[in-house]
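Colleague: Residue numbers (the working numbering), protein chains in the order written: chain X, 1 to 289; chain P, 1 to 342; chain A, 1 to 333.
I should point out that these hints are in silico values taken from the structure, not numbers from a laboratory. Watch out, some of these pointers could steer you wrong.
What the hints assert, rightly or not - Dumping the calculated DSBU-like pairs for lysine-lysine here, alpha-carbon to alpha-carbon at most 35 Å:
id	chain 1	residue 1	chain 2	residue 2
1	X	176	P	24
2	P	241	X	174
3	X	176	X	197
None of the values given here were measured: they were computed from a predicted structure.
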Amino acid sequence: MSAEATVRSEHPTREAARVFMRSPAAVGGLLLLAAILAVALAGPFVLNVDPFDITAAPLTPPWTGDALLGTDQQGRDVLIGLVYGGRATLAVGATAALISILIGIAIGALAGYFGGTIDEMLMRVTEFFQVLPALLFAMVLVTLLSPSLPTVALSIGAVSWTATARLTRAEFLKIKQLDFVAAEHVIGAGRNRIIWKVILPNALPPLIVSATLAIGTAILFEASLSFLGLGDPNRMSWGLMIGSGRSYMLSCWWGVTFPGLMIFLSVLAISLIGDGLNDALNPKLRERR
Amino acid sequence: MSQTLLTVSDLSVHFARRRLNPLKPRELVRAVDGVSFALSRGTVLGIVGESGSGKTTVARAILRLVPITYGHVRIEDIDIARLQGEELRCMRRRLQYVFQDPYSSLNPRVRAGAIVRAPLDVMDIGAPSQREARVVELFEAVGLRPEQRSLFPHQFSGGQRQRINIARALAPEPELLICDEPVSALDVAIRAQILNLLRRLQRERGIGLLFISHDMAVVRHMADEVAVMYLGQIVERAPRKAFFARALHPYSVALLSAVPTVRGGRRRAARRIRLTGDPPSPIDPPPGCRFAPRCPVAEARCRARMPELREASAGRWVRCHLVCADRAPLQAPPSAAAHSET
Amino acid sequence: MTTERPPLLQIDGLSVDFEGGGRRARVLNGVSLKVGAGETLGIVGESGCGKSMTAVAILRLIPSPPGRIAAGRILFGGEDLTRVSDARIRDVRGHRIAMIFQEPMTSLNPVLTVGDQIGEVLIRHLRLGPKAARERSLRLLEAVGIPAPEQRIDVYPHQLSGGMRQRVMIAAAIACEPSLLIADEPTTALDVTVQAQIFDLLRELQSKTGMGLILITHDMGAIAEMADRVAVMYAGRIVEEGATQSILDAPQHPYTRGLVACVPDLDAADGDAEAPLAEIAGVVPSVWELRSGCPFADRCPEVIDVCRHEMPQRTSVTPAHHVACWCRGGPAA
């Protein structure tokens, strides 16, 4: 035999990480998200106050008083609100995305693998959820379940899994025809092994990208619900800040602009990461390097 | 030695095509239509045919990768066409498959060692502590270095990937190995390596080998017995020597004469039997002999009635009205081998 | 076979470089070839040896960047194709030099009918009107042996079988009566009985029009059947070149001998069918990893010290048979 192929045995995941790290935009997104996360996670420990406390006169503009970014209509410090609100917003975003991805993968995988009647039924369900106006449906769910962080996350997750399900199904349909799946049948592998250990890992790359972008969507969703007054009123979140400040928008621009900016930056960071992952995990793009 | 390992009788695989026009009856694709053959322990049966002949479907049906419409597939006395669930899983140990495409047949996210080990784990063969040693042994048997176990499939060349495929298939010590065009995706210079390896392993281990190929010369090199398929049916079955000395079915004769050879060159091309047209589709095949529309010697009865596969002389089975005893209706062109003038 | 007339196509010392990731690879290295009118030149070798690259270079279709013709001349009809303008080379392509590919499905446009594909070439190069183009397309389809061309002219490629699609490709290729046809593995995706038909067709067209043919293949049997002369390529170089008979009867380069011996032959004596096939160990080296010396040295059964350090020069076995190997060459070998 030849002496070649003693080359590095790099795991596909590590190779993808290397490609990812070569993209300045993706690394920028990662750093930005890391900074936002660090502030949101560590900030409350450092400040140790109640974000709903009144700290100064209402409607103090930024850079004038003690509150660096000013205070809102009720005299609450905007900066403290941003620090505390990040936690709730990001937690809801991540949980909702996780819920939506899990539902999506389960339904897509079963539909794609089994095909036939099971596929028909699951896809009809998916279509039903797709044609519902998602925000309206989430609002109904939140109202029924009474608004709190877990119910908000659950509601967002329950209405946003359809795209993941379709993507998973498409990947399963493609991969299940490949010979290495037939090879698993030949060696007597059972259904569970084939679905979860053989096909799913190969279907993951596009799903990871879609999951990343789902976090961004979920954050926007949370903000919309809070804006409409359907968030958890007892937990500070960016959406809540915008929602409660919206009627004072003209007299108190800082009350809505800064939380809006944070949402924008978070979603931007996540999109950049998602884009970078797409380049790194998509083998066709990778060949071009 | 001549103990029968695999018996396939009247195997048929039909697919219903999706209707485009709901008023028309469903079209039936007769991919495999009444195929029968037997394979003895430790011998090689070569199935040769062109695209659409159903040779790959035969292999996949034996492995239960496609549903069998009717017919029997027996390993010794067990009819695997009827097995389900756990019984079928246990049976899989005895027959394994080497795929045509060395690229798509290995999971890209799994290391080579784990790919070869998978059958042992899945079928729970041997003590878990000894499995790694078994994988090392298999790597050496197929000409790979044991330290290559930690590499991923994309780090191997096509030939090496096919070796991994062979190692995986040999792992459960099958009695029957089915190879579907194992070298046609490989570079010419690599093919000889894989063919020699397969032949050596087959002889050393006494495995029955069902070798499927479109290449007459490769089948001649590998097989003890040859079966020629055309449009889902076996048209001729014979021991290798007899078949290549004188093929009987007109299709076999034409197929043999179509192969360009290094020694034959232009003289062979000039004397070639020319078949017109492409093989018709296995959807609604012609009523009589399926080869009749392209056959240079076809008669009226060929188009009217399908000939049976019958034993023309000892050990030689032919599906043709016109073969009588062992006289071929279509004469092969004189051999253009080296002994003629150069 | 080739007379004193100037050849139809002459390639002198053609080298092609690819650059990427700060590295440079020489994918073609000093390739010299010629093809006469009415002659068939076969190019054989494993994949990655530069066969297709040579064909693509002739038509200047190398993707650039990363590829670039680094040296050499391609003389065709009194012009050096490496230097002519882009407009000129577009006129040569498809008109005077045509090419057919291995996979007729992907090289035909799936949304155009057969008639449109052929007509496009005629309208573009010969400035025919739509009506005349259709008329001519019909005659071309007939010429390449497509039954009932009046019906087939309006179908789409996916409605045809592989053999029929390859015939359509050939019809489009010969539409402007090119003086040179390059066929890159034209029958690899086809069945042998259909391959025989395509070879017959190519020979017939060649004898009618006197066009030159470059047949790129990995199949020595196809070479024996089709080619007048053969060039054996390895790692971007021509390692042996000469008349087909001479090369098949007495291959000089160990690589050529390996290629001839490693394929089972239907004409071999029956006893030989039992013996193991000759093997060429190892695989083709990547063009990015080529070192000095003969690129075949690592796989060569007859390698000697000098092979690893210095590239052998091309030497003549006979006036029409050349080989680049340290252990061969000179009439004594």
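Colleague: With the threshold set at 35 Å, check whether the alpha-carbon distance from residue 176 of chain X to residue 197 of chain X stays at or below it.
Modeller: 12 Å, holds
Colleague: Is it true that the CA of residue 176 of chain X sits at most 35 Å from the CA of residue 24 of chain P?
Modeller: 31 Å, holds
Colleague: Keeping to a limit of 35 Å between CA atoms, is the pair of residue 241 of chain P and residue 174 of chain X held or broken?
Modeller: 44 Å, violated
In the structure shown, a violation is registered for the earlier hint numbered 2 alone.
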